[in-house]
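Chemist: Sequence:
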Amino acid sequence: VDPNHIVFIEGNWYGTDFNQLTPPFDPNMVYSFHKYWSPATVGSIQGYINMRNTNNRPLWMGEAGENSNVWFHEVVEILEENNIGWNWWTHKKLEKISCPFSAVIPVQYQQVLDYWNGSGSQPSAVFSQAALLAMAQSLSLGQCELRPGVVPALLYPDYDTMLEPYAELNIPGIIPAVHYDIGPIGNAYHDEDYWNIGDGSYNQGWLYRNDGVDIEHSDDPLGHEFNVGWISTGEWLHYTVQSSDPGWYSIDCRVASATGGGQFRLELNGTDLTSVISVSNTGGWKEWESLFVDGIYIPEGTHSIRLQAITGGFNIGTMSFASTASVDRNYLPMDIRVGNAYPNPFNNSVQIPINMTRPGSVLVNIYETSGKLVNVIRTGDISAGERLISWDGSNNNGEIISSGIYFLHIIHDKETIHRKITIIK
Numbered sequence: 001v002d003p004n005h006i007v008f009i010e011g012n013w014y015g016t017d018f019n020q021l022t023p024p025f026d027p028n029m030v031y032s033f034h035k036y037w038s039p040a041t042v043g044s045i046q047g048y049i050n051m052r053n054t055n056n057r058p059l060w061m062g063e064a065g066e067n068s069n070v071w072f073h074e075v076v077e078i079l080e081e082n083n084i085g086w087n088w089w090t091h092k093k094l095e096k097i098s099c100p101f102s103a104v105i106p107v108q109y110q111q112v113l114d115y116w117n118g119s120g121s122q123p124s125a126v127f128s129q130a131a132l133l134a135m136a137q138s139l140s141l142g143q144c145e146l147r148p149g150v151v152p153a154l155l156y157p158d159y160d161t162m163l164e165p166y167a168e169l170n171i172p173g174i175i176p177a178v179h180y181d182i183g184p185i186g187n188a189y190h191d192e193d194y195w196n197i198g199d200g201s202y203n204q205g206w207l208y209r210n211d212g213v214d215i216e217h218s219d220d221p222l223g224h225e226f227n228v229g230w231i232s233t234g235e236w237l238h239y240t241v242q243s244s245d246p247g248w249y250s251i252d253c254r255v256a257s258a259t260g261g262g263q264f265r266l267e268l269n270g271t272d273l274t275s276v277i278s279v280s281n282t283g284g285w286k287e288w289e290s291l292f293v294d295g296i297y298i299p300e301g302t303h304s305i306r307l308q309a310i311t312g313g314f315n316i317g318t319m320s321f322a323s324t325a326s327v328d329r330n331y332l333p334m335d336i337r338v339g340n341a342y343p344n345p346f347n348n349s350v351q352i353p354i355n356m357t358r359p360g361s362v363l364v365n366i367y368e369t370s371g372k373l374v375n376v377i378r379t380g381d382i383s384a385g386e387r388l389i390s391w392d393g394s395n396n397n398g399e400i401i402s403s404g405i406y407f408l409h410i411i412h413d414k415e416t417i418h419r420k421i422t423i424i425k
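Per full-length UniProt numbering, the sequence shown runs over residues 1 to 425.
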């Protein structure tokens, strides 16, 4: 009928079954398939590739989506490596996470939807018309919410190694847990369930971001609108932060749990920043409490912070860094600052961060609770700057001591700083 246009032929069953559609029946035919909740592997589309090669016809992936960013990227890589053009579904949706732009449903239009769904009263014709126009206005790009991670996953060749800030995060300041970096699993985050290959959702809360990280509304009057939930053992989140005020900080972590038993720690540039932080039963998944960690030293500059879940079973909303003692670049009345020992309790080795504002002599002793000296682990001059003092749990004879509580004394000039350390063997 028209020899000058391409004829796209999609399979049955949502573009997946091409039975009785081969061999091609038009010289301008192109086979077009859909790909949704299936593995991101060549094997999952090999049948379509074989059909293309056998019939010498172009192959087009005409519809895909409704999955996580890491699935998006891996599928696009597979398609392009096999010379298959593609189209994603779609650039704009209604209150979804799996698209570059998400349109917000106005309250009045939701009332119309509730009526259609049988859960609300019938609105008037005038109200319904106004609601429809409000929804149409909400569809404009300027009114939509941007999902920053989706476009890089689809279009950036270096997404595999990408690690970019989701938002500007400053110390002192508040770090919302949901503002972890943009990037793939293994770089920006680790989650046990990070895509849907036919076995369910990857973001259990289905809100805010299109990764495996599970996000929900927090309902915390003192926190961020959203929180990270459904946290499993071993999962983690990475944040790129800027510290403009080097010094000592207190961290306020907003947490909630209906079960208790959760544990996590914060890491700075690959080194433990805090000891293990335990989360008790707060009375519910939306019953928020603050856990404070003091004596944390943050130097100036750009840093990587990792929130590492040691044991799951808690929600986290925000981490607020409040300065307790800044470093005055012109006048430094304190020669030494000592952070918290970590890990604490420990088994094999413990580390104590020390910051010297100028060179000086330091003596580091370990004592039993009775006051008996156990070990002298450091004596002598130390240059200015940051360093870690380590102790392997041995006494002066090199023998590993028994489990229990011990006291660390750091003596500099006329000042003595104390830290309690627990050994568990």
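Please note that the accuracy of each hint is not assured.
Unchecked claim - Taking CB as the label site, the calculated pair distances span:
(1) P3 / G120: 45 to 55 Å
(2) G371 / I400: 19 to 29 Å
(3) W206 / P123: 22 to 32 Å
(4) N396 / G173: 23 to 33 Å
(5) E225 / T90: 35 to 45 Å
(6) G371 / S290: 34 to 44 Å
(7) R358 / T379: 49 to 59 Å
(8) T324 / G385: 53 to 63 Å
(9) G385 / G173: 19 to 29 Å
(10) S304 / F25: 21 to 31 Å
(11) W13 / S119: 29 to 39 Å
(12) G142 / W13: 37 to 47 Å
(13) G173 / W13: 33 to 43 Å
In case anyone wonders, no lab produced these hints; they're calculated from the structure.
Cβ atoms here follow ideal geometry from the backbone N, Cα and C, with glycine treated the same way.
Chemist: Hint by hint, say whether it matches the structure.
Modeler: Hint by hint, here is what the structure shows:
A C-beta distance of roughly 53 Å is found between P3 and G120, which places it inside the suggested range of 45 to 55 Å. The hinted range of 19 to 29 Å is satisfied by G371 and I400, whose Cβ atoms lie roughly 21 Å apart. For the pair W206 and P123, the supplied restraint of 22 to 32 Å holds, since their beta-carbon distance comes to about 27 Å. For the hinted restraint 23 to 33 Å between N396 and G173, the CB-CB distance of approximately 45 Å leaves it violated.
In this structure, E225 and T90 break the distance hint of 35 to 45 Å, their C-beta atoms being roughly 26 Å apart. Range check, G371 to S290: Cβ separation about 35 Å, and the 34 to 44 Å hint holds. Under the hint 49 to 59 Å, the C-beta atoms of R358 and T379, about 18 Å apart, miss the expected range. For T324 and G385, the Cβ-Cβ distance of about 20 Å falls outside the hinted range of 53 to 63 Å, so the restraint is violated.
In this structure the supplied range 19 to 29 Å holds for G385 paired with G173, their Cβ-Cβ distance being about 25 Å. Distance hint check: the CB atoms of S304 and F25 are about 58 Å apart, inconsistent with the given range 21 to 31 Å. Distance hint check: the CB atoms of W13 and S119 are about 32 Å apart, consistent with the given range 29 to 39 Å. Judged by the Cβ atoms, the range 37 to 47 Å given for G142 and W13 holds: they are separated by roughly 38 Å.
About 51 Å separates the C-beta atoms of G173 and W13, a value inconsistent with the hinted range of 33 to 43 Å.
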